[in-house]
Amino acid sequence: MNAFQAEDPLLQVHNVTRYYGDRVGCLDVSFDLWPGEVLAIVGESGSGKTTLLNCLSTRLAPTTGAIEYRMRDGAMRNLYQLTEAERRLLMRTDWGFVHQNAADGLRMNVSAGANVGERLMAIGDRHYGNIRSIADDWLGRVEIESDRIDDDPRSFSGGMRQRLQIARNLVTRPRLVFMDEPTGGLDVSVQARLLDLLRRLVADLGLSVVIVTHDLAVARLLSHRIMVMRHGNVIESGLTDQVLDDPREPYTQLLVSSILQV
Amino acid sequence: MPVRLYLNNVGKSFTMHLQGGTVIPVVKQVEFSVNAGECVVLGGPSGAGKSSILKMIYGNYRCDEGQILVTVGDEIINIAGAEPRRMLSLREATIGYVSQFLRTIPRVSAEDVVAEPLIAQGASEAEGVDTARALLSRLNVPERLWTLPPATFSGGEQQRVNIARGFIAHYPILLLDEPTASLDAANRAVVVRLVEEKKEKGVAMVGILHDQDVREQIADRIIDVTGFAAEAA
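If you read the protein sequences in the order shown, they are chains G and R. In terms of full-length UniProt numbering, the first sequence opens at residue 1 and continues consecutively. In terms of full-length UniProt numbering, the second sequence opens at residue 1 and continues consecutively.
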């Protein structure tokens, strides 16, 4: 598999700007994302990275600018001109969204199996035995024991909940997954396991990912390309190791030099 | 033999914004070429810019001035200013980098770390792991370690895992960043043999080697980097 030779971008972002009143969320952001590419958006709190992620994932309409996505039929569509039905279908099938807080992305009062199966039912799968066996398979892929399939996520640890959220997102074989600080708030050993799992799944499934993180080590491990944001602007972008090994902008140099060595 | 790599008037400096914008010039007007099957060794004292030149060729340092031209099939690509995805595809198929420092990944075993670049080039998992084991064995990494993640290995063991990872795949261009530093004589000899095998396959190599006897054994040409020194601004 070669992720870097696809002809056409999957996502094209043109001059996306979002204001909150007269305060800037993100300003004039443009980039292309190709199939199989992992893009990390880094920056400190308030830099606009989550605003941008929400604009990209149709959760927050940009004030100006356009975002185009290549649908499964190959046509480029402006995301904010989709019908509500089309948008919902996209979000339930072709996209995933992994929240920092797993409770935001899971249904906490239904079983783990049902959490994974729900998206299958949403796209029309009605065969209970089928849904359950696919759910079981996905729980295995994210290293959750089969005997937990009927437990609800309230009884799961933080790391398990996050892995369940990932299974729930990936079960429909999405092509694009958005992640908002997926490893934030987890113990380091739990974080390492989750990162390794994400790294494998992303590579095996050839996913395109836009991941927001303030952790440069996470960006280095998972991403091909990095965008550094500050005060709503993308101040530097490029190949991940180039930006981290040879940072050019004063703020990027500060970020890189602030990493603690273990 | 055909030219695989050509550096034309390459220059590099660092601007340290956290030190009041101090500009540190590294090299300027670097010019040399490397043919298929040839190993060129960069010479000169520490700080002369040898590593920076290698990193510019691999793309983890930006090339500020000049061109770095690589032959890929019948195409010539300029690495300076190449798009990230172009650079990633070059690293997958064309340019390899052997360094002494392993960047460990949690939970990935030594043999999988080594096999990864070969599998990325299209080999089957079984073929990748078999080749990885053969290389780990040649580099005297004890068999009981192969299935363990290298994070807890000794420095020397990690270094040899990384050398195996660097040599396993088929790159027409290979960059050697002090691969033999701190290796014992037996393992140095293995690395020398690995380099010779790459030469026989027509691989063009650029290396940094402080080890005098290794350098004498593998260098076809030594380029003194002090000739490219950039004077302080």
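Among these hints, one or two may not hold up.
[To be verified] Some chain R residues well away from chain G (every beta-carbon gap over 10 Å; in silico):
| hint | residue |
| --- | --- |
| 1 | HIS17 |
| 2 | LEU18 |
| 3 | GLU31 |
| 4 | LYS55 |
| 5 | ASN60 |
| 6 | LEU102 |
| 7 | PRO106 |
| 8 | ARG107 |
| 9 | GLU157 |
[What the hints assert, rightly or not] What follows is a list of derived Cβ distance ranges for each label pair:
| hint | chain 1 | residue 1 | chain 2 | residue 2 | range |
| --- | --- | --- | --- | --- | --- |
| 10 | R | GLU125 | G | ASN101 | 27 to 37 Å |
| 11 | G | MET76 | R | LEU148 | 15 to 25 Å |
| 12 | R | GLY122 | G | GLY46 | 22 to 32 Å |
| 13 | G | ASP151 | R | GLY20 | 51 to 61 Å |
Source of the hints: derived by calculation from the structure; they are not laboratory data. All C-beta atoms in this analysis are idealised placements derived from N, C-alpha and C, irrespective of residue type, glycine included.
Comparing the hints with the structure gives:
1. HIS17: 4 Å, violated
2. LEU18: 6 Å, violated
3. GLU31: 21 Å, holds
4. LYS55: 7 Å, violated
5. ASN60: 4 Å, violated
6. LEU102: It holds; R/LEU102 is separated from chain G by about 14 Å at its closest Cβ, greater than 10 Å.
7. PRO106: 4 Å, violated
8. ARG107: Violated, because the least Cβ-Cβ distance between R/ARG107 and chain G comes to about 4 Å, which does not exceed 10 Å.
9. GLU157: 19 Å, holds
10. R/GLU125 <-> G/ASN101: 27 to 37 Å: Because 36 Å falls inside the window, the suggested range holds.
11. G/MET76 <-> R/LEU148: 15 to 25 Å: This hint is violated: roughly 47 Å between Cβ atoms.
12. R/GLY122 <-> G/GLY46: 22 to 32 Å: 44 Å, violated
13. G/ASP151 <-> R/GLY20: 51 to 61 Å: Because 58 Å falls inside the window, the suggested range holds.
In this structure, the earlier hints numbered 1, 2, 4, 5, 7, 8, 11 and 12 are contradicted, and the remaining ones agree with it.
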